[in-house]
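Could you build the full structure based on these sequences and the hints that come with them?
Residue numbers (our numbering), protein chains in the order written: chain A, 1 to 61; chain B, 1 to 61; chain C, 1 to 61; chain D, 1 to 61; chain E, 1 to 61; chain F, 1 to 61.
It is worth saying that the hints were derived from the structure and are not from the lab.
Given the structure is predicted, the values throughout are model-derived calculations rather than measurements.
Hints should not be assumed to be uniformly reliable.
Heads up, the list lumps identical chains together, so a pair's fine if it works in one copy or across two of them.
[Unchecked claim] Here are the simulated PhoX-like cross-link-like pairs (lysine-lysine), alpha carbons at most 20 Å apart as the crow flies: (1) 21 <-> 32; (2) 32 <-> 22; (3) 59 <-> 21; (4) 12 <-> 32.
There are 6 protein chains.
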Amino acid sequence: MPTITVEGPPIKVEQKRELVKKLTDVAVKVYKIEHITVLIRENSSENVGINGQLLLDRKRE
Amino acid sequence: MPTITVEGPPIKVEQKRELVKKLTDVAVKVYKIEHITVLIRENSSENVGINGQLLLDRKRE
Amino acid sequence: MPTITVEGPPIKVEQKRELVKKLTDVAVKVYKIEHITVLIRENSSENVGINGQLLLDRKRE
Amino acid sequence: MPTITVEGPPIKVEQKRELVKKLTDVAVKVYKIEHITVLIRENSSENVGINGQLLLDRKRE
Amino acid sequence: MPTITVEGPPIKVEQKRELVKKLTDVAVKVYKIEHITVLIRENSSENVGINGQLLLDRKRE
Amino acid sequence: MPTITVEGPPIKVEQKRELVKKLTDVAVKVYKIEHITVLIRENSSENVGINGQLLLDRKRE
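What follows is the structure, encoded as structure tokens:
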């Protein structure tokens with residue numbers, strides 16, 4: 001701990017590398033704790049709803 | 001926010017559409033906030049345990 | 001399972017009662033499963049950030 | 001409830017069976033409640049960061 | 001990682017100590033990984049709904 | 001979405017302000033999406049276990 005969990009759309013491995021590095025830098029600076037875990041979750045557009053509509057359907061419009 | 005996360009078994013896209021629409025309607029009504037996010041998580045029966053037994057094994061019995 | 005987790009601002013017990021009842025009704029209808037658990041999380045406005053700003057500070061403006 | 005969620009690397013179904021059985025035994029003993037749900041999440045090594053580095057990259061070194 | 005999160009009712013510190021020790025023993029045995037984090041969440045009975053009813057109200061009946 | 005959840009020890013409001021601002025900056029840069037939500041969770045040292053021991057007890061030693 002601290003543990004940072006990020007829920008977002010699918011991204012490329014290079015973006016994940018950047019995300020993990022930079023989120024960790026921020027957390028180390030704020031918490032003054034070295035041991036940081038980051039979990040990236042990639043959500044399909046048919047598993048996310050925004051304001052009552054699937055992301056899948058919003059993209060189609 | 002509010003954000004609603006639903007952990008359940010795999011479902012069809014038409015069920016997801018209905019789930020997102022109706023959960024959002026409920027949340028808008030109770031919270032009086034328009035911006036609602038819903039995350040649907042689909043769990044394989046080998047990743048869920050009920051009362052000490054994998055769902056996978058309960059189904060087989 | 002299914003389990004529904006709702007992250008939102010603090011609400012009154014009467015709103016929680018309505019939220020649990022109605023979210024459960026939706027989940028039973030979509031999943032055709034009777035056993036539904038709902039977890040309500042109430043987040044202080046100093047623990048939520050929207051677009052880079054604490055909810056606490058947005059309210060003050 | 002109680003619900004136990006385990007975030008870890010991918011494991012085999014036999015390990016899942018053992019995990020669910022033994023975690024449930026512990027929870028029943030401590031909480032004195034029979035109804036326990038366990039959710040196992042398997043995370044790809046490119047979706048986990050430890051101390052600023054993807055698990056994927058740590059393994060390669 | 002692995003990280004184990006337990007959602008349950010409020011418990012005493014002695015129960016937490018036992019829970020953390022025993023859940024960790026199980027996880028170390030199954031995953032063959034030494035570094036285990038456990039998070040205990042204590043949920044008020046007015047923030048949990050079972051089958052459409054607040055736990056608070058079920059207890060009163 | 002994206003939503004970033006941070007599990008850590010209790011921190012001061014000024015640290016929360018910095019955390020939310022900087023985590024959001026990172027997420028906007030990586031995801032190219034403006035709408036970012038951050039949730040901060042503050043965990044008591046008696047609700048966190050590291051390697052089988054409550055954080056509470058580790059501090060005392």
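Please sort residue 59 with residue 21 into within, between, both or neither, judging by C-alpha distance up to 20 Å.
Between copies only: 16 Å across, 30 Å inside.
What label fits residue 21 with residue 32 when the C-alpha limit is 20 Å: within, between, both, or neither?
both (16 Å within a copy, 17 Å between copies)
Classify it for me, residue 32 with residue 22: is the Cα-Cα distance of at most 20 Å met within a copy, between copies, both or neither?
For residue 32 and residue 22, both the intra-copy (15 Å) and inter-copy (15 Å) Cα distances are at most 20 Å.
Homomeric proximity label, residue 12 with residue 32: Cα distance no greater than 20 Å
between (29 Å within a copy, 13 Å between copies)
Hint check: no violations occur; every hint is consistent with the structure.
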